[in-house]
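Visitor: Residue-level listing of the chains:
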Amino acid sequence: MDKADKIFNFKNIILILMVVALAIVPLIMVKDAEFEGADAIAEEAIGEINADYEPWFSPIFEPPSGEVESLLFVLQAVIGAGIIGFGFGYMKAKGEGSKESHAGLR
Amino acid sequence: MDRKNRVLLFFSIAGMLLMPQWVQGMHIMEGFLSPAWCLFWGALSLPFVVMGYRSIQRIIKEHPRAKLLLAMAGAFVFVLSALKLPSITGSSSHPTGVGLGAIIFGPLPMSVLGLIVLLFQALLMAHGGLTTLGANTFSMAIVGPFVAYGSYRLVKRLQGPQWLAVFTAAFLGNLLTYVVTSIQLAVAFPSEVGGVMASLTRFMGIFAVTQVPLAISEGILTVLIFNAIAVYREKELTDLNVLAKEAM
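Residue numbers (numbering that gives the first Met the number 0), protein chains in the order written: chain C, 0 to 105; chain G, 0 to 247.
Everything labelled a hint here was simulated from the structure, so no lab data went into it. Think of the CB as a built atom: it goes at the ideal place given N, C-alpha and C, for glycine as much as any other residue. One or more hints might be untrue.
Rough simulated footprint, nothing fancy, chain G against chain C, three-plus residues with beta-carbon under 8 Å [to be verified]:
hint	segment
1	2-8
2	60-66
3	69-76
With these hints in hand, go ahead and build the complete structure from the sequences.
Guide: Have a look at this one:
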């Protein structure tokens with residue numbers, strides 16, 4: 000079996016679709032939800048448990064807007080995905096895996 | 000658990016079901032742990048980070064070729080912890096991605112890789128924080144990887160299939176990270192009624208429940224990338240696995 004077939008095969012496509020479904024199902028199932036990713040609710044809970052608590056330190060830099068914040072998150076994902084893509088490209092171009100034993104890891 | 004706590008537990012579960020707009024927190028926010036707790040978690044994390052740094056040096060020395068996989072394991076943490084996914088509780092959170100590296104290299108190197116990602120997010124995105132860095136490192140970069148590695152070894156020992164071992168490791172590593180976050184907040188903010196347990200129930204509702212579907216996603220994604228790496232570097236994965244076992 001070709002190595003690419005071991006990665007881009009039916010089983011893996013199903014697995015990827017499962018991850019996509021796990022992200023989409025809540026969007027359909029839970030109506031009227033805001034899907035906020037903020038840490039605000041924990042802050043709120045802390046406020047209720049201990050009303051006197053004041054954060055004693057503020058972030059030294061805060062993204063000026065939600066757009067800038069999402070830009071930075073995308074940047075983070077892009078850096079990661081880029082390195083992973085480079086890694087697989089490197090291993091494939093070097094023809095790795097062809098001579099190695101496939102007996103291990105059992 | 001006494002009766003009061005049971006009642007609280009019931010109400011927080013009912014609350015979770017009735018109030019899907021509950022927002023999901025991720026790492027502990029800047030300034031939200033008292034200096035004493037910041038120092039405590041920082042001091043607890045530091046030795047792991049030092050050991051992690053040494054173990055990375057050792058891996059690179061004994062397996063120079065593994066540098067690529069190390070970079071990829073770190074990159075996987077970068078990608079997954081940037082993915083804020085919606086969850087069944089009506090709020091969003093993100094996976095951690097530390098399971099993959101813990102499976103390949105053992106838990107120690109992940110303390111350093113996780114710390115790098117946490118630092119990146121604390122400095123640039125005001126996500127997590129510098130004062131809470133120790134606590135967040137402890138949950139995501141130490142407990143998560145140790146749980147992942149331990150459950151991986153356990154499933155392997157029980158002769159479970161490779162995919163199941165990888166899935167379980169990533170799933171539990173993710174979930175336990177947020178259980179620890181809940182515990183950290185609960186001990187720092189015990190409720191006036193019900194104490195630490197009541198707070199724990201509350202924070203678990205916020206942090207851990209949302210995480211369950213995301214932990215499943217992380218498990219699947221980790222299986223996918225692990226299998227893809229194994230296509231090219233199966234032998235190296237075996238060698239590194241032996242090295243990780245020796246280091247423990």
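Visitor: A separate judgement is required for each hint: does it hold in the structure or not?
Guide: Outcome of the hint check:
no., hint, verdict
1, 2-8, "holds (count 3)"
2, 60-66, "holds (count 3)"
3, 69-76, "holds (count 5)"
Of the numbered hints listed earlier, not one is contradicted by the structure.
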